[in-house]
Amino acid sequence: MIDRPLTKNIDLSREPFSIKEYEAAGGYQGVHKALKEFTDPKSIVDLVKNAGLKGRGGAGFSTGLKWSFVPMGPDAPRPRYLVCNGDEMEPGTFKDRLLLEGDPHSLIEGMICTAYAIQAEVAYIFLRWGYTLAEQRLSKAIAEAYQAGYLGKSILGTGFNLDLHLHISAGRYICGEETALLNSLEGKRANPRTKPPFPQVSGLFGKPTIVQNVETLCNVHHILVHGVDWYKGLSRCEDGGTKLYGVSGKVKKPGVWELPMGVTVREILEDHAGGMRDGLKLKGFLPGGASTDFLVEEHLDLKMDYATIGKAGSRMGTGTMIILDDQTCPVGMVLNLTRFFAQESCGWCTPCRDGLPWSVKLLEAIEKGEGKPEDLDRLAAQCRFMGPGNTFCALAPGAAEPIQSSLKYFKEDFERHLAEKRCPWRS
Amino acid sequence: MPSLWIDGKTYEVEAGKNLLQVCLSLGLDLPYFCWHPALGSVGACRQCAVKQYRDENDSVGRLVMACMTPVTDGMRITLQDEGSVEFRAMLIEALMTNHPHDCPVCDEGGECHLQDMTVMTGHNYRDFRFKKRTFNNQYLGPFINHEMNRCITCYRCVRFYRDYADGPDLNAFASKNHVYFGRDCDGALESEFSGNLVEVCPTGVFTDKTLKEHYTRKWDLTTAPSVCHHCGLGCNTLAGERYGSIRRIINRYNGAVNGYFLCDRGRFGYDFVNAGTRIREPLASSGETKTQVPVSVEKIQQLVSEMNAGKDKILGIGSPRASLEANYALMKLAGPEHFLDGMAPKESSLVRLALSILRNGPARSVSLQEAGQADAVFILGEDVTHTAPMLALSLRQAARQVCVQKAAKANIPEWHDAAVRELAQEERSPFYIAATGATRLDDVATKKMCVPLDGIARLGLAVAHAIDPSAPAVDGLADSDKQLAGEIAAALMNARHPLVVSGTSSGCSSVLKAAAQITIALARTREKVGISLIVPECNSLGIAMLANGTLENLDERIKSRRYETLVVLENDLYRRLPSAQVDALLESVKRVIVIDHTTSPTSQKAHLVLPAGTFAEADGTLVNNEGRAQRFFQIFAPEGEIQESWRWIRDICPESRGNRKTAWQDLSDVIEALCQDVPALAKIQEAAPTSDFRIKGLRVARQPHRYSGRTAMVAHKTIHEPKPPEDPDSPFSFSMEGYRGIPPAPLIPRFWSPGWNSVQSLNKFQQEVGGELTGGDPGVRLIDPDGSDSPGYFEDVPAVSTCSGDQVQLIPLWRIFGSEEFSVLSEAVQQKIPGMSVIMNPKDAEKANLKTGSMAVIESGDMKLQLPVSLCESQAAGTVAIPAGYRGAAWIDLPALGESGRGMKNERNPLVPDPDCSGSGWHSDCGSQSDLA
Amino acid sequence: MLTVEERQEIEKEIHHYEHKQAACIEAMKIVQRHRGWVSDESIRDIAAMMDMSPTALDSVATFYNLIFRKPVGKHVIMICDSVSCWIMGYENMRDHLCRKLGIQLGETTADGRFTLLPIVCLGTCDHAPAMMIGDTLYRDLTPEKIDTILKQYA
Ligand SMILES: Cc1cc2nc3c(=O)[nH]c(=O)nc-3n(C[C@H](O)[C@H](O)[C@H](O)COP(=O)(O)O)c2cc1C
Ligand code: SF4
Ligand code: FES
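Chains as they are written, first to last, in the working numbering: chain A, 1180 to 1606; chain B, 134 to 1066; chain C, 319 to 472.
Simulated from the structure, these hints should not be mistaken for laboratory data.
Mixed in with the good hints, there may be bad ones.
[Stated by the list, open to error] The calculated SDA-like cross-link candidates involving lysine to any residue, where the alpha carbons are at most 20 Å apart (straight line), are:
1. A:1319 with C:330
2. A:1367 with C:344
3. B:829 with B:873
4. B:581 with B:610
5. A:1332 with C:333
6. A:1374 with B:202
7. A:1228 with A:1486
8. C:388 with C:338
9. B:580 with C:338
10. A:1431 with C:407
Taking the hints into account, I'd like the entire structure generated from these sequences.
Below, the structure is given as structure tokens:
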């Protein structure tokens, strides 16, 4: 049995599989099985729910459960849409790129199965700007899939139709937020939308829509082909399957690997990323991208799964870690992160639009040695201000996470900046 | 009814509303910015955060945005816990990080929602010590001033301008904390509703540029409730005065009429009150040259006694723009059979036709508010934006009713604005327009048909026939027209609230009848049918209800009756009749007395001119197109000899006729007499309380509690504080003294409440926020068909017009800025008046060898016009639209048949044609025609 | 005026969406691909084609980072300034580029050859620091590597 379903076909030293090679490697079996054997699409939804597949885009919501909210039946609005979220613009996140460049047919297959499960007629891949290689490879793969009859009218003669379009973003991190993404696909400013109504009910062009991360979708056909037990067996924790984990920062071998869901941080960091570069010590790490709380050495033996990392006060997010070493200024790092978020705020709601620039200014002042003692309280207050529920979408609360946790773990470093009136890391 | 627990108290509230609206309606003070009762909720600003508890045992709770939270039964919330209080204060602080704190030099100061909310949240110390970002401002035209640095990014401006009013040229640009609200480049705002930005913007980004010219703080303005005089809709306004000049007009909420908004003509057209064209003292012509010079009271008396000697020789010409009271006074003076309605003959017969349609029913004339609720609309022969602007704004809401209905089916409440838009996207209610050319509502039309007037009428009759086959059929219709008629009929029959809109502006009675025919047909199958008939002026319907005589055959009437004196009330006859006819008329009588507020060609020919008050210096009652009587009140007591028209008439009334000098002391006396004399108008008494109305023994104060300078402002004349003028005619005082609570709705002089200094204080005056004013919305409907027996169908079906050879149908072209008599005297409005040009179909033009900008000579009867040409694909072939109502332009009786082609010179003319029909392509009513290089 | 080719490309995109205006971002990207940037005139032309007002289109254009509303150089260098690259020496690479090109971030060289812009995370954090020139990604940058790369564009 396969144990690396997502990456088994991937070898970055060559072109990805063509449709022939992909089929030869067992590809598109999921589509055959779905369309031929699952005459009731709802049973796919249940299957995926039971497999414990959770969204890999960061929030970790049960994928099957999400699909079950799509109104079905003869009176339900049409068309329904499936959107693949390939925006991947969160700093430190580079996992979907691997799948998009390495095995485009796998994504397409996952999307066809998903579209069938929710009976969607139109699908989009929303791809971030700058993934030019992925763009070329996807375009080619989509054309092949159309030619082979996996896309288009009456797929495999079943009467099921699906059109798949590739949409390249014009660049904004907020487009990754699923409702902002929908606005962007509609040719609008990418401000997020309120939920409720959820996209499953009123999404793209006001029609029922499912938005799913690239990695999430790449799991679907494998679950269909190999079943729930196999899928659960891949994992070392409650959540099913494998996960792409990545490491960046000053480690010996930064990279991204498909590992059983729930491996420990230490395994990823030491066995796969080769540990810290010589002469450097681990000071802290963001476990799942720029919008997660810092964790530190004491958390190294935790399992990288949604629940465990959540309990430790952070989030598994995208599963791509950013490592802070002892020779990099934590204030500088947080400043860099916060600048990013301030700049990428869509400008819709006040706490984010005006709270983040203020936080940037405070961090700049502290970093430069112009901070005041009360600035730390102010920063902490800003984090509360931008907290979950206070803002319109999750961007600002995410942005607050590295700030608030750095104040917890690296308080002394902030205080040194204040006391020395300079950045101790700068010569 | 859900019960709602707020800070220990339980309230019974209406289900389905959002928590913010409910809290405000309960009188609780909860700050907000992005929410607006007419625009709904989007949850952007986060200012309205409150804490919600799961149940009694939950003591932690979570913050929710009140505006985004529907109330549910048993809901528990607090506005007072530390967490939400702190959050709201921090939120203001964050909003203000880039705000310039320039209140002392900001026009919004003192009536600023941002100031109010800042105080309300308790944020008063600034922690932000860093640099602010700054913006450049834009030139947005003569109405609106732009000061972007004050922006707090609540998005209300675009939500009104773009989402509510469908304005194409204001939007949000950029992102993060650089979001910029403006146009893509400098230039005058295109929407006819741009002025509402002034009130919609919660701070000083968009302010009234005309106010800036003679700036006065809210607290220094003397204000009273008024009714707009610039079209037939009668929107409610609040005018503010200082130093004897009107400084600005803002909206006066009336839930049934204009709601929260006004059009730009109504808002910015006030300056004629202050203009040099005013008649400020009695004038009499003297000497050979007949120059008019100021006259003394004795001279007036002498002239008047001469007039009275010739008993029964007085002809009174009333006016559709004067109050019922003024008209009635003249009717009494001249006698009903010697009193004419003062409307152009064709206009008069059309207004009377409209009146009879409304009276006969079965359709009921809808209010502006009801028009906005319509879910299928058919407009016949009106370019509503130009002839009844605020109705167009209502119809834009009607176009979105299907979205609201669709959302309701998906359990999305109407106030959930963004969600409704996202769900319904570009869906629009069935909306059909039949017109002779482009109209400003074409962008929301499902289908649009451009045909000559008889074609409109025929389509309308065909629709009626399609609804009810027993209605007369229309012969010889093209298949496509038949199909369209069927489609429109089906849309109207399937709608919950079908609405037919037409009016007098096309000058064509068949069009009006066709509109009525549709409603008669509809009423055979359903109970409620709405109709809205647009009339030209603020009291057109009122005068039609009052006067029987018309200007028809006026010369013969004068000759046969041998009138000696002509009294013309607030009317410029040169706008009603061909000038040669008026010239002869004025020559044919011994004495012409004109009572008016503004110099006109007619007043210039009068033997005696008496200075009347404008809307701002007089009280009175108007009947709008809905048949709603509304009272307007004097804003200030004019200086010198200006007085209300009815008082002048009383004063010149001969003693032999009952000496009304003693009989009519005040306005209430006039109204009382009127109501007795004219039963159809008896209900106007209920339009507002009488002049002796007092609350706790007090009058209602026209000046606010913080009015300043009342001793200083006359210090150059006297060191004593003069006694304020008395007001016998209304329950208002001309001073700060008086009642300050909430008066009956028709008497609200301003919206202001403790802690609420801005226009948003209106919340405190409504029974429920966004609903009726406390005590009911002002105005009383005079016409309500009982619907007992349906009138029969109009039987005559007009034939297709056959214009032979070079003949064309000349159609009046009305413009919101340009066609109305007084708004054009405002400098700001003048800048918006399009150049005069005639609009033709390119094919007709080609036949006549004309291009855009070339001069056309158009002849009809005696009339000969020479104007540059604008081409427009939408202009129906065989028709030529001619600017109507322009000041100084020769009066033409339109529609008419005319000649085109012959006599047209083909010269290039540099005059830029009407912007509605030229230029940049977008939203100009038509796109492709401009070949002006 | 849009070229026939631009029009055709845009026309094709329009068919991918339920509403025409949804293709407006694509349309701007197409014009930008042909002309390097989106001028006011292009905004007007595209807007007309999309049945939008120029203001509405510009509102969308100015929201997105990669619709250039000002002219850019022949080659646009986008250097990633996000966290992993920052940790791995972004500032040195930026300073090096600025020195080499004689411009600051956001500027275009006098010969119109290069425009240097910062860009958010390029999704290649395991090979930081990184930059893109046009459509080409360059990773694991060092000052020396930058010198060699720039020569290819000389
Ligand atoms: C600011 C922001 C950025 C996001 N960016 C991405 C992204 O780039 N890719 C992604 O898959 N999900 C992103 N998400 C999460 C999506 O909103 C959404 O939850 C996800 O696409 C759902 O897919 P999943 O259930 O398969 O994870 C982002 C969320 C936020 C708030
Ligand atoms: S938190 Fe608010 S301003 Fe920030 S990205 Fe989300 S909606 Fe936009
Ligand atoms: S008023 Fe509720 S979020 Fe703005």
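Check your understanding: If you check each hint against the structure, which ones fail?
Key -> 8
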